[in-house]
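With these hints in hand, go ahead and build the complete structure from the sequences.
If you want my numbering, it's the position in the sequence shown, counting the first as 1, plus 915.
I should point out that these hints are in silico values taken from the structure, not numbers from a laboratory.
This structure is a prediction, so every number in the text was calculated from the model and none was measured.
Some clues are possibly wrong.
The following label-pair restraints were derived from C-beta to C-beta distances [to be verified]:
1) 1244 - 1200: 38 to 46 Å
2) 1200 - 1098: 22 to 30 Å
3) 1014 - 1230: 17 to 25 Å
For glycine and all other residues, C-beta sits at the position ideal for the given N, C-alpha and C.
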Amino acid sequence: MTLPVIFGIAGPELRPEEQALFREFNPFGFILFARNLDTPTQTVGLVKALREAAGAEAPVLIDQEGGRVQRFGPPHAPAYPPAAVYGQLATSDLARAGETVRIGHALLGRDLAGLGIDVNCAPVLDLAMEEGHAVIGDRAFAGDPRVVAALGRAAMDGLGRAGVLPVVKHIPGHGRARADSHKQLPVVETPRQVLEATDFVPFRVLRDAPVAMTAHVVYAALDADLPVTVSAKAIREVVRGRIGFEGLLLSDDLCMGALAGAMEQRACAALTAGCDVVLHCSGNIDEMAAIARAVPVMTDEASARWRSALTWLAARRAPEQVRSLEYRSFRECLPHG
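Structure below.
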């Protein structure tokens, strides 16, 4: 039986105690960070070891957005631009920007697939807003929800062509938040009708995305007491209801400062609220063990959503197209490139 948890690990090698934990509890998947990645050869070996511990089909995730959120980069992989660079291009030519996003994310996905990484926690569909905290900032494509949706669609397509599943985030939006949810709990008091006309739009347009990640944000108009990740009301009425997202729903990292309680309590709260799978990213093995002992097995509904995500990917994979792409030509398409 599979547990609905994605774990991070402490370092660049799988430790014996981590291996034993994963073999005993069979987590759904894993997520890698810069601390885990030294060289391409080492990374390929680590991915193989993780899958040997938990099963050959276990997905391996990464946050590889480009810009300041690029876990694997120079000198072993090219530097990719932040989303805002594509948004700048879109101000003069949205179609050209979309094609540039598609090519850039296909190249980025090709890099990841070569390492054995098959899920990328991107694109960001949050809106760029002046009042929002800089934690989003240039990670957002633009402030116009129509532009964000168009470029987000192109990013999904590019990753899919490379054989990598995209994860849209942070549903139903994080751009308006004035606090960094890594450190504290943001509270947004914007009226629901405004949210539905702005923040929610990219997620509603891309509601057919295979996977999404929640926002650790309280939206007072949805649930004044709980952040979306642990709010059954917000997930049921907005994420699944108004937005209409039917894919696999991941929590953002349980270790972030926006959430309260012991890690196993956070995990159970998110799953009870309606998340299909939760992420625990710090690599703290005591916390991982506590979560593994506390959470139920993955539901049939969540498993079906994961199978649908794999079907989505199989329909878009285009290795021959991606193989012929050149990074230099991509860079020449960028502003000031």
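Results for each hint:
1. Evaluation of the 38 to 46 Å hint for residue 1244 and residue 1200 yields a pass: the beta carbon distance comes to about 45 Å.
2. Hint check: residue 1200 to residue 1098, Cβ distance near 24 Å, so the stated range 22 to 30 Å holds.
3. Checked against the hint of 17 to 25 Å, the pair residue 1014 and residue 1230 passes, with Cβ atoms roughly 20 Å apart.
Taken one by one, the earlier hints all hold for this structure without exception.
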